[in-house]
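Q: Now for the letters of each chain:
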Amino acid sequence: SQQGEEDPQALSIQEGENATMNCSYKTSINNLQWYRQNSGRGLVHLILIRSNEREKHSGRLRVTLDTSKKSSSLLITASRAADTASYFCATDRGEAAGNKLTFGGGTRVLVKP
Amino acid sequence: DVKVTQSSRYLVKRTGEKVFLECVQDMDHENMFWYRQDPGLGLRLIYFSYDVKMKEKGDIPEGYSVSREKKERFSLILESASTNQTSMYLCASRPFWRQDEKLFFGSGTQLSVL
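Protein sequences, first through last, are from chains G and W.
Residue 1 is where the first sequence starts when you use the working numbering, and the numbers rise one by one after that.
Residue 1001 is where the second sequence starts when you use the working numbering, and the numbers rise one by one after that.
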């Protein structure tokens, strides 16, 4: 079963708009990570937020984490056509779960020029 | 730059063939992982390895085996390929001894079993 579930499954926006996607998970975590995948390629790490953090920024990315609701959101501000990709959340439950990450189904983002 | 290299970008095999997918990392990472990715299902963990000669089953190990004879290399083996193993296979690695570590991914191998 998947630990993380992204919502929405797909998102289409105009260049310059903001894109928001959400991730829900089921059990307690050490950290939550967001990855990006360009079509047919491997995943690239974007940002990591620890369980004791509530918000984190990296360039045009903003991630929030609400451990009471077991959810996270990724916001991409002022989107560009180059942001077109699939975005995945992944939960890390630490040594208790064998130090492995569990991924959700992803959100496909299309940014139209 | 860190690098995870998967030996083949595209692979076409026949049902019943034995298939080897190779992954090499140059970062001296202890942990290595094999995932498969299918539309709508995200990434599912097949096997992972903590260190040389160590392996652990992931969520969907049936029909697969792995080999880790050297630290830098982690091989995924399909003993007798079947059409339902047609998928994108992704290898990843990360260090073991630090917490809060990200995964480094290879570019993926798109396997088609006919």
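Each hint should be verified, as a subset may be incorrect.
[Unchecked claim] Once the Cα atoms are required to be at most 20 angstroms apart in a straight line, the calculated EDC-like pairs of lysine to aspartate or glutamate come out as:
| id | chain 1 | residue 1 | chain 2 | residue 2 |
| --- | --- | --- | --- | --- |
| 1 | G | Lys70 | G | Glu5 |
| 2 | W | Lys1102 | G | Glu17 |
| 3 | W | Lys1057 | G | Glu17 |
| 4 | W | Lys1102 | G | Glu55 |
| 5 | G | Lys56 | W | Glu1101 |
| 6 | W | Lys1055 | G | Glu95 |
| 7 | G | Lys26 | W | Glu1069 |
| 8 | W | Lys1102 | G | Glu95 |
| 9 | G | Lys112 | G | Glu17 |
None of these hints come from the bench; they were simulated from the model.
Q: Take the hints in turn and mark each one as holding or not.
A: Consistency of the hints with the structure:
Our distance criterion of 20 angstroms between C-alpha atoms is met by Lys70/G and Glu5/G, whose separation comes to about 11 angstroms. Annotation: proposed proximity of Lys1102/W to Glu17/G is violated, straight-line Cα distance about 28 angstroms (limit 20 angstroms). Our distance criterion of 20 angstroms between C-alpha atoms is broken by Lys1057/W and Glu17/G, whose separation comes to about 42 angstroms. Taking the CA atoms of Lys1102/W and Glu55/G, the gap is about 18 angstroms. The hint holds against a cut of 20 angstroms.
Restraint check: the Cα-Cα separation between Lys56/G and Glu1101/W comes to about 16 angstroms, which is no more than 20 angstroms; the hinted pair holds. The straight-line distance between the Cα atoms of Lys1055/W and Glu95/G is roughly 15 angstroms, inside the 20 angstroms bound, and the hint therefore holds. Straight-line distance between C-alpha atoms of Lys26/G and Glu1069/W comes to about 35 angstroms, which puts the hinted pair past the 20 angstroms bound. Between Lys1102/W and Glu95/G the CA atoms are separated by roughly 15 angstroms; this keeps the pair inside 20 angstroms, and the hint holds.
With a C-alpha separation of about 10 angstroms, the suggested pairing of Lys112/G with Glu17/G holds against the 20 angstroms cut-off.
Going down the numbered hints, you'll see the structure goes against 2, 3 and 7, while the others check out.
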